[in-house]
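These protein sequences, in sequence, are chains A and B. 1 is the number of the first residue of the first sequence in the numbering used here; add one for each residue after it. 113 is the number of the first residue of the second sequence in the numbering used here; add one for each residue after it.
Hints listed in this document are in silico derivations from the structure and should not be mistaken for laboratory results. Honestly, I wouldn't trust all of these hints.
To be verified - SDA-like, lysine to any residue: derived pairs with alpha carbons at most 25 Å apart:
hint	chain 1	residue 1	chain 2	residue 2
1	A	K56	B	V172
2	A	K70	B	V172
3	A	K70	B	T215
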Amino acid sequence: TQLLEQSPQFLSIQEGENLTVYCNSSSVFSSLQWYRQEPGEGPVLLVTVVTGGEVKKLKRLTFQFGDARKDSSLHITAAQPGDTGLYLCAGSALRAGNMLTFGGGTRLMVKP
Amino acid sequence: NAGVTQTPKFQVLKTGQSMTLQCAQDMNHEYMSWYRQDPGMGLRLIHYSVGAGITDQGEVPNGYNVSRSTTEDFPLRLLSAAPSQTSVYFCASSYNGRGSGNTIYFGEGSWLTVV
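Isolated chain B, as found in the complex (with noise of 0.2 Å):
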């Protein structure tokens, strides 16, 4: 069972640099999500997508774009990379986008480091 597939694990950019964080799901969700995780920050949300053709912002969207051209992936973009970029990457998905009676499947997570 592949449930949510993150790539890559690892990556560095240099500052300035573009490039495109890929997340795949196999279990036909309609919600899905992308966090970013700092120390003492928890996970802050991103963008999230309700569904295909469907995506909002979170709470830290600034340089960072996302579509959903298909039920199944929801890739992040990163412009312009720059240090404060620097974390790790969660995507989630999930049968609807609620707490309460789902749970939500996250990735194992994307490291990055910008330079």
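For reference, chain A alone in the conformation it holds in the complex (with noise of 0.2 Å):
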């Protein structure tokens, strides 16, 4: 089982339509990170959250840290065929010399 369980797993929509990807752990986290991977690269750092209920807004992207620090979600309002690719959430905890824990991945489709 993993410590970050993403949902959902995979997500095909039509382009200008809103979706939310949900990361969800039973652990607390000092800090949680979204990443974005496109095919044949290594993840891309999206952003940092590190205070409980902290929103953060990346142009059309809103992140939100859950108020007790244990889950996280990304929303995308008006997706484009350009957001399409991997998200994944990593948290930060005091396991494994808080190095990150990765979730198993949200693999979005964007259709024009």
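With the hints as a guide, bring the two chains together.
The structure is reproduced here in structure tokens:
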């Protein structure tokens, strides 16, 4: 079982639709990061959230860290084909020397 | 800017063969790590290093060895490859290993197939 559970695993939507990706855990994290990965490349950091209840916006992307710092969500407004990719959440916790633990990822496809 | 460089990009091994995946970073980062990525599993930490001469095990260390003789290099060795080690491997580095306040830089990945 994974420490971080992401849902949904796959999402296929039409351009212009809104979507939300969830990242849940029973563990508390000191911080949580969201990455986006394109085929043939390594993950690229989108955002880091640190404080419980924190909300960060990156253009059409809104990230929220749960009050208890156990979960997070990524909301995309008016999705575009360029948003297509694999979205990964990763938590930093005391285990494993504070190295990151990744969720299983959400593969998003936005059709024109 | 080179960032994190991994070689080789692609490799096919026979069961029982050994090989080394190379990783180098030019950002003078103390923390380096190796992950493997399998479908639906995200990235799982294999080994990590908090500085030259110091290494530790991650979530899935069995079958892999690492060493950190210099700040720049962090090779990953497969001593006797098994089909279960077929995966995409990513090397990463950061100023320190914590997610908070630090950007972790990933290499482009090494695709390994063990037949």
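Each hint, compared with the structure:
no., hint, result
1, K56(A) with V172(B), "violated (32 Å)"
2, K70(A) with V172(B), "holds (23 Å)"
3, K70(A) with T215(B), "holds (21 Å)"
Comparing the model with each earlier hint shows a violation of hint 1 alone; every other hint is respected.
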